[in-house]
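**Student:** First to last, the sequence lines map onto chains A and B.
Take 1 as the starting number for the first sequence in this note's numbering and just add one per residue.
Take 1 as the starting number for the second sequence in this note's numbering and just add one per residue.
Source of the hints: derived by calculation from the structure; they are not laboratory data.
A hint or two may mislead.
Short derived list, chain A residues pointing at chain B, Cβ under 8 Å [unchecked claim]:
id: 1; residue: K42
id: 2; residue: E43
id: 3; residue: P44
id: 4; residue: L46
id: 5; residue: S49
id: 6; residue: T94
id: 7; residue: D95
id: 8; residue: K96
id: 9; residue: L97
id: 10; residue: F99
id: 11; residue: T101
id: 12; residue: G102
id: 13; residue: P109
With a cut-off of at most 27 Å between alpha-carbon atoms, the simulated DSS-like pairs for lysine-lysine come out as follows [unchecked claim]:
id: 14; chain 1: B; residue 1: K78; chain 2: A; residue 2: K42
id: 15; chain 1: A; residue 1: K45; chain 2: B; residue 2: K57
id: 16; chain 1: A; residue 1: K42; chain 2: B; residue 2: K57
id: 17; chain 1: B; residue 1: K83; chain 2: A; residue 2: K42
id: 18; chain 1: B; residue 1: K42; chain 2: A; residue 2: K79
id: 19; chain 1: B; residue 1: K42; chain 2: A; residue 2: K42
Rough simulated footprint, nothing fancy, chain A against chain B, three-plus residues with beta-carbon under 8 Å [said to hold, decoys possible]:
id: 20; region: 31-44
id: 21; region: 51-63
id: 22; region: 103-113
Glycine is no exception: its CB is placed at the ideal position from the N, C-alpha and C atoms.
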Amino acid sequence: RKEVEQDPGPFNVPEGATVAFNCTYSNSASQSFFWYRQDCRKEPKLLMSVYSSGNEDGRFTAQLNRASQYISLLIRDSKLSDSATYLCVVNPYTDKLIFGTGTRLQVFP
Amino acid sequence: EPEVTQTPSHQVTQMGQEVILRCVPISNHLYFYWYRQILGQKVEFLVSFYNNEISEKSEIFDDQFSVERPDGSNFTLKIRSTKLEDSAMYFCASSGRVVETQYFGPGTRLLVL
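One chain only, chain A, in its complex shape (with noise of 0.2 Å):
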């Protein structure tokens, strides 16, 4: 099993849909998890870290189901502006991030 699995995408959705992804992992003693996007041959950037309670930040919401090793980022209301990758990132208490392969989102006019 990978150690963060992510749906590939691509999620092509309209302006101001709502759209959701999904990640698993696998070590159960991770400790944080966050979600970054990535857009096309640039540096990750922080979007959010998620929480056990679940955290909202504009847009933007997270979920994790530690029980499931489960973690979900929804975003309402896609704009342009959010096409880019998005990238599942969970720290299992050492220092290393360790990242899915990204799910791709498209948000067409």
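For chain A, the structure is supplied; the task is to place chain B on it using the hints.
**Tutor:** What follows is chain B alone, placed relative to chain A:
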């Protein structure tokens, strides 16, 4: 807003040559990292560095690789004898504490011919 910077942005080298990639982490950060991303693949951890020594490294980080913090601001990755498969984007990152958000630099695109 403080940011991680990296130089050069692009580097082309011949197989077997040595390259040094440079990074300036965020000034009050204590933990430094190198990652790489081969085109079309996921971001992979190479090494972490704290208190002037390597704290963790991946199996990718073999004897051809080394890291150094030569002064109070720079953090370098050296590849002694580059191979074709070293062609990738190399990202430096830093964080204030371990298990804290890591902030990434813009990357150095390395092409080995």
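**Student:** Now tell me if each hint is right for this structure.
**Tutor:** Evaluation of the provided hints:
1. Below 8 Å, beta-carbon pairs count as interface contacts, and K42 (chain A) has one with chain B at about 7 Å; its hint therefore holds.
2. For E43 (chain A), the interface hint holds, since its Cβ comes within 8 Å of a Cβ in chain B; the closest pair sits about 4 Å apart.
3. Look at P44 (chain A): its Cβ gets to within about 5 Å of chain B, closer than 8 Å, so that hint holds up.
4. Hint status for L46 (chain A) relative to chain B: holds, with the closest Cβ pair at about 6 Å, below 8 Å.
5. Checking S49 (chain A) against chain B: minimum C-beta separation of about 7 Å stays under 8 Å; hint holds.
6. The beta carbon of T94 (chain A) is positioned within 8 Å of a beta carbon in chain B (closest approach about 6 Å), and the interface hint is therefore held.
7. Evaluation of the D95 (chain A) hint against chain B yields a held restraint, the C-beta minimum of about 4 Å falling below 8 Å.
8. Residue-level restraint check for K96 (chain A) holds (minimum Cβ-Cβ distance to chain B is 4 Å; threshold 8 Å).
9. Using the Cβ-Cβ criterion of 8 Å, the hint placing L97 (chain A) at the interface with chain B is satisfied: the shortest such distance is roughly 6 Å.
10. At a threshold of 8 Å, the smallest CB-CB gap from F99 (chain A) to chain B is about 4 Å, leaving the interface hint in force.
11. Among the interface hints, the one on T101 (chain A) holds; its C-beta lies about 5 Å from the nearest C-beta in chain B, closer than the 8 Å criterion.
12. Below 8 Å, beta-carbon pairs count as interface contacts, and G102 (chain A) has one with chain B at about 7 Å; its hint therefore holds.
13. Taking 8 Å as the C-beta contact cut-off toward chain B, the hint placing P109 (chain A) at the interface is violated, the least distance being around 27 Å.
14. For the hint linking K78 (chain B) to K42 (chain A), the alpha-carbon distance of about 22 Å falls within 27 Å, and the restraint holds.
15. Restraint check for K45 (chain A) and K57 (chain B): satisfied, since their Cα atoms lie roughly 22 Å apart, inside the 27 Å limit.
16. As the CA atoms of K42 (chain A) and K57 (chain B) are separated by approximately 24 Å, the hinted pair is consistent with the 27 Å bound.
17. Taken as a hint, the K83 (chain B) and K42 (chain A) pair is honoured in the structure, with Cα atoms around 23 Å apart against an allowance of 27 Å.
18. This hinted pair checks out: K42 (chain B) and K79 (chain A) have alpha carbons roughly 25 Å apart, not beyond 27 Å.
19. As the CA atoms of K42 (chain B) and K42 (chain A) are separated by approximately 13 Å, the hinted pair is consistent with the 27 Å bound.
20. With a cut-off of 8 Å between beta carbons, the region 31-44 of chain B has 7 residues touching chain A; three or more are needed, and the interface restraint holds.
21. Here the region 51-63 of chain B counts 3 residues with a CB under 8 Å from a CB of chain A, which clears the bar of 3, and the coverage holds.
22. A count of 6 residues in the region 103-113 of chain B with a Cβ less than 8 Å from any Cβ of chain A is obtained; the coverage claim is therefore met, three being the minimum.
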